[in-house]
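**Q** Sequence:
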Amino acid sequence: MVSNRCKMVVKSELDKLGLHHTRVELGEVYIRETLTAKELAQLKAALLKSGLQLMDDKKAILIEKIKIVVREMLLKEDEPEKTKFSDLLSDELNHDYTYLANLFSEVTGITIERYLIAHKINRVKELILYDNLSLTEISYRLNYSSVAHLSSQFKKVTGLTPTFYRKLKTIKNTVPGNV
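Under our numbering, the final residue of the sequence shown carries the number 187; numbering is consecutive throughout.
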C-alpha cells in the first residue's frame with residue numbers, strides 16, 4: 009500500500025469480509041482473527057480487484073517498506089533530513105543497512121542508491137514544473153550538497169540540465185494550441 013486511498017480500500021474490503029482490523033498502515037494490516045485459507049483467498053481476490061496485492065513474503069514486505077521510506081522522505085516539506093539516508097533507513101526499519109541494501113539489490117536488480125536517485129530526480133522534476141522554487145531551494149529541500157551536485161545528477165539521469173528542463177516548460181506553455 010502506498011497511499012491513504014489504498015488504506016481506505018483495504019479497510020473497506022476487510023469490513024465487507026467481516027474481518028476485524030485493529031490497525032491498517034501503509035504496507036501492514038493487523039487483523040484480530042486468524043484467517044482461514046478461504047478468507048485469505050477471498051481477501052487476496054478482493055484486493056486484486058481493487059488493483060492491490062497482498063504481500064505475504066517477508067522479503068517483499070521489507071522491500072516495499074524501503075520504497076515507502078524513500079517516497080515519504082522525498083515528500084517532506086519541512087527541514088531536510090540531516091541524518092545520513094543509510095542511518096535513517098536502518099533506524100526506521102530496524103535492520104542493518106548492509107542487509108537492507110543487499111536484499112533490495114537481490115530482489116529488485118538495482119541498488120537502493122539508484123532507486124533513491126531516480127525518485128529524487130522525479131521529485132526535482134515535479135518541483136521545477138509545479139513550484140516556483142529556485143534550484144538552490146530545490147537542492148536544499150532535497151538535501152543535495154550543492155546546486156552543482158543536483159545539476160550533475162539531473163543531467164546524468166535525464167540527459168538535460170535542470171535549467172533547460174525548466175525552459176521546456178516555458179516553451180510548451182507558449183506554443184500556440186497548448187492548453
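Think of the hints as simulated: they come from the structure by calculation, not from any bench.
Computed from a predicted model, the values in this text were never measured in an experiment.
For glycine and all other residues, C-beta sits at the position ideal for the given N, C-alpha and C.
Incorrect hints may appear among the rest.
Within a straight-line C-alpha distance of at most 25 Å, the following computed SDA-like cross-link-like pairs (lysine to any residue) qualify [unchecked claim]:
1. Lys92 to Ala126
2. Lys75 to Thr106
3. Lys46 to Gly59
4. Lys46 to Cys14
5. Lys15 to Leu55
6. Lys92 to Leu135
7. Lys133 to Ala68
8. Lys164 to Tyr148
9. Lys24 to Arg13
10. Lys67 to Lys90
11. Lys92 to Val77
12. Lys133 to Leu111
Computed beta-carbon distance windows for the label pairs [as the list claims (entries may be wrong)]:
13. Ser142 to Glu41: 50 to 60 Å
14. Thr169 to Lys66: 19 to 29 Å
15. Thr44 to Leu137: 45 to 55 Å
16. Phe172 to His103: 34 to 44 Å
**Q** Which of the numbered hints above does this structure break?
**A** 7, 10, 12, 14
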